[in-house]
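Chain E is already provided as a structure; the job is to place chain W on it using the hints.
There are 2 protein chains.
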Amino acid sequence: MSKLLAVGTVAFDAIETPFGKTDKILGGSGTFVGLAAAQFGVHTGVVSVVGGDFPKEYLEMMNSKGINTDGVEIVENGKTFFWSGKYHNDMNSRDTLVTELNVLADFTPVVPESFKDADIVMLGNLHPSTQMSVLDQMNQKPKLAILDTMNFWMDSALEDLHKVLKRIDVITINDEEARQLSGEYSLVNAAKKIHEMGPKYVVIKKGEHGALLFNNGKMFFAPALPLAEVFDPTGAGDTFAGGFAGYLAKTEDISFENLKNAIIYGSNLASFCVEKFGTQRMEELSGDEVKERLGAFKELTQFDIKLS
Amino acid sequence: MSKLLAVGTVAFDAIETPFGKTDKILGGSGTFVGLAAAQFGVHTGVVSVVGGDFPKEYLEMMNSKGINTDGVEIVENGKTFFWSGKYHNDMNSRDTLVTELNVLADFTPVVPESFKDADIVMLGNLHPSTQMSVLDQMNQKPKLAILDTMNFWMDSALEDLHKVLKRIDVITINDEEARQLSGEYSLVNAAKKIHEMGPKYVVIKKGEHGALLFNNGKMFFAPALPLAEVFDPTGAGDTFAGGFAGYLAKTEDISFENLKNAIIYGSNLASFCVEKFGTQRMEELSGDEVKERLGAFKELTQFDIKLS
Chain E
4 MSKLLAVGTV AFDAIETPFG KTDKILGGSG TFVGLAAAQF GVHTGVVSVV
54 GGDFPKEYLE MMNSKGINTD GVEIVENGKT FFWSGKYHND MNSRDTLVTE
104 LNVLADFTPV VPESFKDADI VMLGNLHPST QMSVLDQMNQ KPKLAILDTM
154 NFWMDSALED LHKVLKRIDV ITINDEEARQ LSGEYSLVNA AKKIHEMGPK
204 YVVIKKGEHG ALLFNNGKMF FAPALPLAEV FDPTGAGDTF AGGFAGYLAK
254 TEDISFENLK NAIIYGSNLA SFCVEKFGTQ RMEELSGDEV KERLGAFKEL
304 TQFDIKLS
Chain W
4 MSKLLAVGTV AFDAIETPFG KTDKILGGSG TFVGLAAAQF GVHTGVVSVV
54 GGDFPKEYLE MMNSKGINTD GVEIVENGKT FFWSGKYHND MNSRDTLVTE
104 LNVLADFTPV VPESFKDADI VMLGNLHPST QMSVLDQMNQ KPKLAILDTM
154 NFWMDSALED LHKVLKRIDV ITINDEEARQ LSGEYSLVNA AKKIHEMGPK
204 YVVIKKGEHG ALLFNNGKMF FAPALPLAEV FDPTGAGDTF AGGFAGYLAK
254 TEDISFENLK NAIIYGSNLA SFCVEKFGTQ RMEELSGDEV KERLGAFKEL
304 TQFDIKLS
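Residue numbers (this note's numbering), protein chains in the order written: chain E, 4 to 311; chain W, 4 to 311.
Isolated chain E (complex conformation) (with noise of 0.2 Å):
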């Protein structure tokens, strides 16, 4: 089993939705992409920063899920990232309320000395500098590493984007963003444009439309599992990514049939996600139940045509 690295956020939301809303709860990506690979049993590693705010129970309850956090930074006079954010009623776009960065806004990640080697890197969405040094704290080039982005980055940073879109081998992006960053409007040609720019494989996330994995000619597809009730939206980005680079860390198989099987299990647990606030169905999360969900998306996705 492979080791894997997560870079990214570990937050307060505060989060509005049709159904209700909360106070400030535990949020991230860092902290979904863990909570996420943790289904796996892999060895994963958090790296971030807090405030001397965040509470010693989160980052306990994250170890408890196997969650290494020596590389979660507390910084005892600072205040942890928060955003705050207010679903429409088709919860497919939100308007953010509140973002401070806090001690967010003076990050440096240290990756620390026991997850230099890990074998998979994923690098959250974060400035993509700050992306950059964490590829070069590692002993060795990680077998993959995968970036996730956005288009504040490629508005503000898109030279160092670049940059560092040249070090990895798969980028998860959604589809607009795909659009601005390659200029296509068609996704097909996005991706064969994005791949120019360095990544072999790109992700590309369509939310409740589901996902493309694109491997220079090579498509695949995992939808959304529809679901009676979507209760909050929140990680569930980052809980396809980390699904996805946690049966990858598991499997220690980066081919591209491979590939497939560790989009349809980010799906999977990303259909969980949605159903509660915050990392509360995540943290509840039994294998059964997601052994039972597979095979609910084999049922919505396999077929039996004979070619011959």
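Only true hints are included.
Identical copies carry no separate label here, and so any pair may be met within one copy or between two of them.
Pairs of lysine to aspartate or glutamate residues, derived as DMTMM-like cross-links and limited to a Cα-Cα distance of at most 20 Å, are as follows:
{"no.": "1", "residue 1": "309", "residue 2": "256"}
{"no.": "2", "residue 1": "221", "residue 2": "211"}
{"no.": "3", "residue 1": "6", "residue 2": "256"}
{"no.": "4", "residue 1": "209", "residue 2": "178"}
{"no.": "5", "residue 1": "309", "residue 2": "255"}
{"no.": "6", "residue 1": "209", "residue 2": "93"}
{"no.": "7", "residue 1": "169", "residue 2": "122"}
{"no.": "8", "residue 1": "309", "residue 2": "292"}
{"no.": "9", "residue 1": "209", "residue 2": "179"}
I should point out that these hints are in silico values taken from the structure, not numbers from a laboratory. The structure displayed is predicted, hence computed values, not measured ones.
Just chain W now, kept in the frame of chain E:
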């Protein structure tokens, strides 16, 4: 092999896309359904109406594909239904420029004697009472009655729509229309409500985001094949429906498992339809091309996760 009866429009379209524009060319839901079903060599009869201005060559082309046009009434002193539209850059939205109902305004479909025993009936997007009149003309209840409809009829003839829904087996509808008809945002809940209105099978078309098939708690999803270029989306939905119905007519198996395959065949044919203006691609499409692309669909969707 079963007989397929398709009721719909046979029409002139004039189309403008970012790739170019056409004069009046052959279009209409009945035409696209017939051409798609022709791929399976089924005995398809189209019921429709055209004016004296409709070129005989178009009917001869349809006949040459094995489509029976005895049910296409020709109103010599009338003009053929004409639609003109312009697609936006994203190809997902369009403006209707012209709609001239012409002979369609007084259309009363007459099912030819030789198709009154059709096993599968595809009721194209027409007034619900017109759709009902077709069912009334059949010698017996068909094995499978498929109905296409749209928001226009929900706004203007909801009561009639509910009446005909009680008599059909499959409804094909797009996502927004499913939400409007059911009053539910979640497509899972929408399908449940629509089941209660009559149809045991609910097919929800999501355009470039694929199609969902629901059958009382069971679900199946077929993606649209991601394409480098969508040239003209006109007729894709009807081609999907025609492929679906044609495959079922050919295989004479209306189990849920086989409906899955039919959805894939429908998506497959729709992926060709959009590659050229109007009916052009469907007219020239070969069986080998269809089979090759089915292989691409399998690559796109099939994975190998063992659940034991």
